[in-house]
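**Q** Chains A and B, in that order, are what the protein sequence lines are.
Final position of the first sequence in the working numbering is 476; the numbers increase by one with none missing.
Final position of the second sequence in the working numbering is 215; the numbers increase by one with none missing.
Hint data in this document are derived by calculation from the structure and do not stem from the laboratory.
The structure displayed is predicted, hence computed values, not measured ones.
Note that beta-carbon positions come from the ideal geometry of N, C-alpha and C, so glycine has one too.
A portion of the hints provided could be inaccurate.
[Said to hold, decoys possible] Sample of chain A residues at the chain B side, in silico, Cβ under 8 angstroms:
id, residue
1, Val129
2, Val139
3, Leu140
4, Leu169
5, Tyr176
6, Thr205
7, Phe417
8, Phe421
[To be verified] Derived pair list, reagent style DSS-like, types lysine-lysine, alpha-carbon separation capped at 25 angstroms:
id, chain 1, residue 1, chain 2, residue 2
9, A, Lys297, A, Lys358
10, B, Lys146, A, Lys156
11, A, Lys364, A, Lys156
12, A, Lys297, A, Lys156
13, B, Lys146, A, Lys199
14, B, Lys27, B, Lys201
15, B, Lys146, B, Lys27
16, A, Lys181, A, Lys156
17, B, Lys201, A, Lys199
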Amino acid sequence: MLAVLGFPLLGGAFLAKWGNRRWAPEFNSAASLLTLVSAILLALRVLLHGPMIVFHEQFFIDSFNVFLVVLTAFVAFTTTIFSRPYMRNEQVLSGLTNYQLRLYHSMYQIFCFTMLLALTTNNLGILWVAMEGATLATVLLVSLYRTRESLEAAWKYFILCGVGIAQALFGTILIYFAAEKVLGAGGTALLWTHLNAAKGSLEPTVLSIAFVFLLVGYGTKVGLVPLHSWLPDAHAEGPTPVSAVLSGLLLNVALYAVVRGKILVSGALETRFADNLMIAFGLLSVLTAAFLLWKQKDIKRLFGYSSIEHMGLMTFAFGIGANFAGLLHMTVHSLTKSAIFFAVGHAAQHSGTKSMDKITGLIKSPAVGWGLMLGGLAILGMPPFGVFTSEFLILTHAMQSHPWATPILLVALGVAFAAIFGRVQSMVWGESKGMALPHAPAYLPIMIHLAIVLVLGLYIPRHLAQWYNDAARLIG
Amino acid sequence: MAGQFINLLASILLLLAFAMLSQRRIKLLVSLFMIQGLTLFTNTIVIASTTGQAHLYYSALLTLSLKVVILPWILFRMIRQLNVEWDVETLINIPSTMLAGIAIVIVSFNLALPISHLAGTITRGTIGIAMACVLLSLLMMITRSKAISQVIGFLSMENGLFFAATSTTYGMPMVVELGVALDVLVGVLILGVFFFQIREKFESLDLKHLEKKEE
C-alpha cells in the first residue's frame with residue numbers, strides 16, 4: 001500500500017533533481033514498474049482477503065478502486081516506455097531544454113502519485129485535494145513547450161478545471177455538512193466507508209444539491225459537455241505521453257470520483273435523481289462530441305473529442321446501472337486510447353505536423369500505421385476488440401431499461417465511426433512523405449495494449465469477470 | 001451579540017465581493033483581496049471563541065498567514081515585477097454586472113434556504129452570503145480579461161468556499177484544510193511562472209489576445 005504511493009512520490013522528487021540525465025527515462029520507467037508491481041501485489045491481497053482499510057481508516061481499498069489502481073499503474077508504466085524514445089526525439093526535433101526535461105519527468109511521477117492518492121484515499125476531502133494536485137501537475141505538463149498555443153491551452157485548462165473543481169469542493173462541504181448531523185463532527189464524517197454505512201440516514205435535500213455540485217465539478221474534469229472545452233486543447237498541445245495519460249487515466253479517476261459520490265447520493269435518495277443527471281450529461285456528451293469530431297483538423301484534437309464521447313458513454317452506462325459494462329469500457333477505452341496516442345505521437349513526429357491533411361502513408365513504418373489503423377478500429381467499436389463488447393453490453397442494457405436512448409447512442413456511434421474511420425484511412429494509406437526519426441520508436445506498448453483489448457474482446461478471464469462483478473455490485 | 005457581529009462581518013464580505021466585481025485597478029484589487037482575508041480571519045476567530053471549537057483557531061491562523069500575508073505578498077511582488085501596478089482594466093458595463101450580481105445574491109439566498117433550515121450553527125444566517133460570495137467571484141472571473149484579475153477571482157472564490165465551510169459546519173477536518181491551502185499556494189506559484197511566460201509570448205497579460213480556438 002505504502003509502496004504504491006511511495007514509489008511515484010520518491011521518483012518525482014528524485015527526477016526533479018536529476019531528470020535531465022541520460023538515464024532519466026529509464027529511471028522514470030523503473031519507478032513506474034515498481035509502482036505497477038506493488039499495485040499488483042495490492043490487488044492480489046484484496047482479491048484474496050477482501051477490502052482493506054489502513055492508516056487510521058484514511059485509506060480504503062475495495063475491488064472497485066483496486067482495479068483502477070492496477071490499470072493506472074499499468075498504463076503509466078507502458079507510457080514511460082513509449083515516452084523514452086518519444087522525448088529523446090522531441091529533444092532533437094523541438095529543442096527541449098534540460099530544465100524542461102527535468103520538469104517533465106518529475107511532474108509525470110507526481111501526476112501518477114496524485115492519481116493513485118485520489119483512487120486509494122478514503123477521505124472525500126483528500127480526494128478533492130489530490131484531484132486539484134493532478135490538475136496542477138498536468139497544467140505544467142501541458143504548457144511544457146511554452147508555445148503560444150500550449151500556454152493558452154494550459155491557461156484555459158487551469159481556469160476551467162479550477163472553477164469546476166471549486167464547485168466540487170462546495171459539494172464536498174455540503175456532504176460533510178449532511179454527514180456531521182449523523183456521524184458527529186471531526187474526522188470520520190468525511191470518510192467514505194463511514195458515509196457509505198450511514199448513507200440511508202443522510203439528509204436527502206442537501207445531498208441532492210451536493211451531487212449537482214460534485215457532478216459539475218468533477219464532471220468538468222471528466223470532460224462532460226458543456227464543460228469540455230479545455231479537453232481537446234490540453235490534449236493537442238501537451239507532449240503526446242501526457243495526452244495518453246490524460247485520456248487514459250485522469251478522466252477515469254475523475255469519473256471514479258463522480259461514481260463514488262453517486263453511490264452515496266443514490267443511497268440517501270429514494271428517487272433516481274443522480275442516475276438521471278448522469279444519463280442526461282452522458283448522452284449530451286456522446287452526441288455533441290460525435291458531431292464535433294467532423295470538424296477536427298488536428299489529429300490529437302480528433303482523439304481528444306473521441307475521449308469526450310467515450311467518457312460520456314461511460315457516464316451514461318453508470319447512470320443506467322450498466323456498471324459491469326461501464327467498468328469494462330473504462331478499461332478498454334483507457335488501453336485503446338493510450339495505444340492510439342502512442343501511435344499518433346510517432347506519426348506526428350514522422351510527418352512533422354499534427355494536421356491530418358498533411359499526414360499520409362503511415363503504413364511505411366508498419367507498427368505506427370497498423371497501430372493507428374487497428375487502434376482506430378478498436379476505439380470505433382469494431383469486433384473482435386473489447387470496446388465492441390462493452391459498447392454492446394451498454395446498448396443492450398439501455399434497450400432494456402431506457403429504450404428511447406438507444407437510437408440516440410446508435411446515431412452518435414455511427415457518426416463518430418464515419419468521422420474517424422475516413423480520417424484514419426487517409427492517413428495510413430497513400431504515399432509517405434515522412435522522415436526517419438533519430439531514435440527508434442517503442443512499438444511494444446502499442447502492441448501490448450491492443451493485444452489486451454483484443455483478448456478482452458474475445459474472452460474475459462473468469463477472475464477478471466468476478467472482479468468486475470464485485471465492483472459493479474459495490475456501485476449498486 | 002456575537003451572532004450580530006458575525007452577521008456584520010458576513011455583510012462586509014458580501015460588500016467586498018461587490019467591490020471586487022467593480023474594481024478596475026489591479027493593485028487595489030489585491031488590497032481588497034487582502035481585506036477579504038482579514039475579515040475572514042476575524043470572523044473565524046469570533047466563531048471559534050463563541051463556540052469553543054479549538055480547531056477553528058488553527059484554521060484562522062492558517063487563513064491569516066496564507067490569505068493575509070503570503071498570497072498578497074506574492075501577488076504584490078508579481079505585479080511590481082510585471083510592472084502592471086497601476087494598470088486600469090476596461091470593464092464593460094459595470095452597472096449591468098452589478099445587476100447580475102444582485103440577481104446572483106437572490107438566487108443564492110433561495111438556494112441556501114433549505115440548508116440553513118437544517119444547520120444548527122450560530123452562523124446559519126450567513127450560508128446564503130457564503131454561496132453568494134462564491135458565485136460573485138465566479139462572475140468576476142467571467143467578466144475579467146486580465147490574467148491576474150482572473151486569478152484573484154479564483155482566490156476569492158476559494159475564500160468564499162472557506163467561509164461556506166465555517167458557517168455550515170464550523171470548518172472541514174484539519175487535514176483537508178491543510179491540503180486545500182497547499183493546493184492554493186502551489187497553484188498561485190505556478191500561475192506566477194505562467195504570467196511571465198504569457199507576457200513573454202503575447203507581450204500582454206490581456207487574455208483577449210489569446211486567439212479563440214474553434215471548437
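**Q** Give a verdict on every hint.
**A** Quick rundown of the hints versus the structure:
1. Val129: With Cβ-Cβ at 3 angstroms, under 8 angstroms, it holds.
2. Val139: Hint holds; Val139 (chain A) Cβ to chain B Cβ min 6 angstroms, cut 8 angstroms.
3. Leu140: holds (6 angstroms)
4. Leu169: holds (5 angstroms)
5. Tyr176: OK, holds: Tyr176 (chain A) within 8 angstroms of chain B, min 6 angstroms.
6. Thr205: holds (5 angstroms)
7. Phe417: The hint is violated - Phe417 (chain A) has no Cβ within 8 angstroms of chain B, the shortest such distance being about 20 angstroms.
8. Phe421: Violated: closest Cβ of chain B sits about 21 angstroms from Phe421 (chain A), beyond 8 angstroms.
9. A:Lys297 to A:Lys358: holds (10 angstroms)
10. B:Lys146 to A:Lys156: Holds. Lys146 (chain B) to Lys156 (chain A) sits at ~13 angstroms (cutoff 25 angstroms).
11. A:Lys364 to A:Lys156: The hint is violated at about 37 angstroms.
12. A:Lys297 to A:Lys156: holds (20 angstroms)
13. B:Lys146 to A:Lys199: violated (44 angstroms)
14. B:Lys27 to B:Lys201: holds (23 angstroms)
15. B:Lys146 to B:Lys27: holds (13 angstroms)
16. A:Lys181 to A:Lys156: violated (38 angstroms)
17. B:Lys201 to A:Lys199: violated (51 angstroms)
Violated hints for the displayed structure, listed by number in ascending order: 7, 8, 11, 13, 16, 17.
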